[in-house]
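Q: Since the structure of chain A is already known, use the hints to place chain B with the ligands on it.
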Amino acid sequence: MGEFVLTIHQLNKTFFTDENRTQALSGINLQVKDNEIITIIGPSGCGKSTLLKIVAGLDLDYDGIVLVGGSQVESPGRDKGFIFQEHRLFPWLTVEKNIAADLDLKDPEVRAKVDRVIELVKLKGFEKSYPKQLSGGMSQRVAIARALIRNPKILLLDEPFGALDAFTRSHLQESLLDIWKENQTTMLLVTHDIDEAIFLANRIVVMDARPGKIKGIIPVELHHPRNRAGVAFMEMRKEVLKVLEYAEETSNSWEI
Amino acid sequence: MSIMEKSRPFPATLPTHKLKSPIIKKESKWRNTLIGIVLPLVILLIWQTLSGLKIISPILFPSPVSIAKEFYDMFLTGELLTHLNISVQRAALGFLLGGSLGLLIGLIVGLKKRAEHIMDPSLQMLRTVPHLAITPLFILWFGFGEVSKVLLIALGAFFPLYVNTFLGVRSVDGKLFDVAKVLEFNRFHQITKLIIPSALPNILLGLRLSLGVAWLGLVVAELMGSSEGIGYMIQDARQFSRTSAVFVGIIIFAVVGKLVDSVVRLLEERLLRWRDSYQG
Ligand SMILES: Nc1ncnc2c1ncn2[C@@H]1O[C@H](COP(=O)(O)OP(=O)(O)OP(=O)(O)O)[C@@H](O)[C@H]1O
Ligand SMILES: [Mg+2]
Numbered sequence: 000m001g002e003f004v005l006t007i008h009q010l011n012k013t014f015f016t017d018e019n020r021t022q023a024l025s026g027i028n029l030q031v032k033d034n035e036i037i038t039i040i041g042p043s044g045c046g047k048s049t050l051l052k053i054v055a056g057l058d059l060d061y062d063g064i065v066l067v068g069g070s071q072v073e074s075p076g077r078d079k080g081f082i083f084q085e086h087r088l089f090p091w092l093t094v095e096k097n098i099a100a101d102l103d104l105k106d107p108e109v110r111a112k113v114d115r116v117i118e119l120v121k122l123k124g125f126e127k128s129y130p131k132q133l134s135g136g137m138s139q140r141v142a143i144a145r146a147l148i149r150n151p152k153i154l155l156l157d158e159p160f161g162a163l164d165a166f167t168r169s170h171l172q173e174s175l176l177d178i179w180k181e182n183q184t185t186m187l188l189v190t191h192d193i194d195e196a197i198f199l200a201n202r203i204v205v206m207d208a209r210p211g212k213i214k215g216i217i218p219v220e221l222h223h224p225r226n227r228a229g230v231a232f233m234e235m236r237k238e239v240l241k242v243l244e245y246a247e248e249t250s251n252s253w254e255i
Numbered sequence: 000m001s002i003m004e005k006s007r008p009f010p011a012t013l014p015t016h017k018l019k020s021p022i023i024k025k026e027s028k029w030r031n032t033l034i035g036i037v038l039p040l041v042i043l044l045i046w047q048t049l050s051g052l053k054i055i056s057p058i059l060f061p062s063p064v065s066i067a068k069e070f071y072d073m074f075l076t077g078e079l080l081t082h083l084n085i086s087v088q089r090a091a092l093g094f095l096l097g098g099s100l101g102l103l104i105g106l107i108v109g110l111k112k113r114a115e116h117i118m119d120p121s122l123q124m125l126r127t128v129p130h131l132a133i134t135p136l137f138i139l140w141f142g143f144g145e146v147s148k149v150l151l152i153a154l155g156a157f158f159p160l161y162v163n164t165f166l167g168v169r170s171v172d173g174k175l176f177d178v179a180k181v182l183e184f185n186r187f188h189q190i191t192k193l194i195i196p197s198a199l200p201n202i203l204l205g206l207r208l209s210l211g212v213a214w215l216g217l218v219v220a221e222l223m224g225s226s227e228g229i230g231y232m233i234q235d236a237r238q239f240s241r242t243s244a245v246f247v248g249i250i251i252f253a254v255v256g257k258l259v260d261s262v263v264r265l266l267e268e269r270l271l272r273w274r275d276s277y278q279g
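Residue numbers (numbering that gives the first Met the number 0), protein chains in the order written: chain A, 0 to 255; chain B, 0 to 279.
Pulled out of the complex, with its shape left as it was, chain A reads as follows (with noise of 0.2 Å):
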């Protein structure tokens, strides 16, 4: 098991409410290597954002294995980058303060990084601004930097560019790409979007709804830059669609 970046195994998860009891996950396996992208994409309530929550220690109540770099989640920390859906910066830090965040800037060395990882997520000249005075995409940018700084052995990112436009959104998975071949980071990614988990993964993993479960593994073997309107492109947009409708036949059949 040493060799991956993430294991998961036979992991269940259940939500006790007052009158319900909700299974959110069934019997998830799956292995991350290193180096590797992996995009989630599944029905709304299929447990995406549980499961990614759970990997990130930010939920640490259910049943089965979770490893990163070999050794259990026991709880959030820097080895484990979360990106969440919002940007999620301090509005009273600028750019380079939220990025330090609890670093001292003063410190020559995280000064260094700092300037570094600006610079890969293309923000230079906007280290002074506020986060009021920023783009939602460059606010996203900011809060891919400021994971990236403290070198995590797995960035997790639940529908990160989701709220943005589709100009925008296109752009930042272009430089998430870029990001990735550079800083060779392991990259788990939460999805609605088929076109942007293609564009993306080295496997996508189709998720199905009540309970949660892993319907299918797809693994992507196309070559970067991959052409969105490409034959090969579409063809894989066939498949993914087939997997995933076959998913949604059998949840809806699932509810009835």
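Be careful, since some hints might not be right.
[Unchecked claim] Listed below are the simulated DSSO-like cross-link pairs for lysine-lysine, each with C-alpha atoms no more than 27 Å apart in a straight line:
id, chain 1, residue 1, chain 2, residue 2
1, A, K105, B, K111
2, A, K127, B, K174
3, A, K105, A, K32
[Said to hold, decoys possible] Cβ pair distances, simulated, as ranges:
id, chain 1, residue 1, chain 2, residue 2, range
4, B, V146, A, G124, 56 to 64 Å
5, A, P107, B, H188, 42 to 50 Å
6, A, S74, B, D172, 37 to 45 Å
7, A, E118, B, I117, 27 to 35 Å
8, B, S261, A, L104, 28 to 36 Å
9, B, I190, A, N182, 30 to 38 Å
10, A, E108, B, I190, 44 to 52 Å
Bear in mind the hints are in silico, worked out from the structure with no lab data behind them.
For each residue, glycine too, the CB sits at the ideal point set by N, CA and C.
A: Chain B with the ligands only, in chain A's frame:
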């Protein structure tokens, strides 16, 4: 939020934080100040005319000019500054004592549920007791001296900072707490980097209110009996029917109060630059 800029293409090299020209801003600031002066000026003019024409009693309503003259005389004799000095010292001491305690206890009660259960009910009860009701007790306990005055002011200054600090700490965005967890902030950083900055707007509001109450408490404390201070000066002038001196005292209270408030607002402007709220 960032909606206005959302559809902007890729980052232009121009940093966005200097869009408004500082010259235009300064001009309109001056204009706003001028607009604020118009109303008092008109009132003064009417007052001066009515008083000059003896339509209103010059004894009860001495004309602005004679008040200004009184002001100048009292300034020259040094009477004014001596009293003002004493009053400011009292208010500052009381405010520092009450305000810092309010801030500290507000933080503790906000951070620790346990502390809230222990202290908040009693404090909330105390809060509703009016100043004037406590004054006799303080006089019995501490006499007419400085101690009871300063404590009375401190008591008033305590609550606004306490209540608002507490409120500020409790209204920190839970989503940002998750971020602090993911970034592994220790308790110290959680407080200094997340809770205090986030509570700062409330704390500053508490500060302003506290200063206001301290200044009000000063009047109560000095009117209840003293031999120095602006409050005493007013009381003394009343006994000798020097109405214009009473007005001078009132004006001093108003001007210093406003001055202090402006300083805090300036502080607010500087410390809360990051805020993205409606500016009017
Ligand atoms: N705190 C909670 N308490 C109870 N049930 C919850 C809680 N969080 C999530 N659930 C339930 O768990 C299931 C999975 O939720 P989750 O948020 O992981 O879905 P998702 O796949 O991220 O959906 P979406 O695509 O809409 O974001 C849902 O049925 C939801 O109702
Ligand atoms: Mg979700």
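Q: Now tell me if each hint is right for this structure.
A: Evaluated hints:
1. A:K105 with B:K111: 32 Å, violated
2. A:K127 with B:K174: Holds - the C-alpha atoms of B:K174 and A:K127 are around 24 Å apart, at most 27 Å.
3. A:K105 with A:K32: 36 Å, violated
4. B:V146 with A:G124: 56 to 64 Å: For B:V146 and A:G124 the Cβ distance comes to about 58 Å; the hint holds.
5. A:P107 with B:H188: 42 to 50 Å: 20 Å, violated
6. A:S74 with B:D172: 37 to 45 Å: Between A:S74 and B:D172, where Cβ atoms are some 21 Å apart, the hint is violated.
7. A:E118 with B:I117: 27 to 35 Å: Violated, at about 51 Å.
8. B:S261 with A:L104: 28 to 36 Å: Holds: the Cβ-Cβ distance is about 33 Å, inside 28 to 36 Å.
9. B:I190 with A:N182: 30 to 38 Å: The hinted range 30 to 38 Å holds for B:I190 and A:N182, with Cβ atoms some 32 Å apart.
10. A:E108 with B:I190: 44 to 52 Å: 25 Å, violated
Checked against the numbered hints given earlier, the structure breaks hints 1, 3, 5, 6, 7, 10 and satisfies all the rest.
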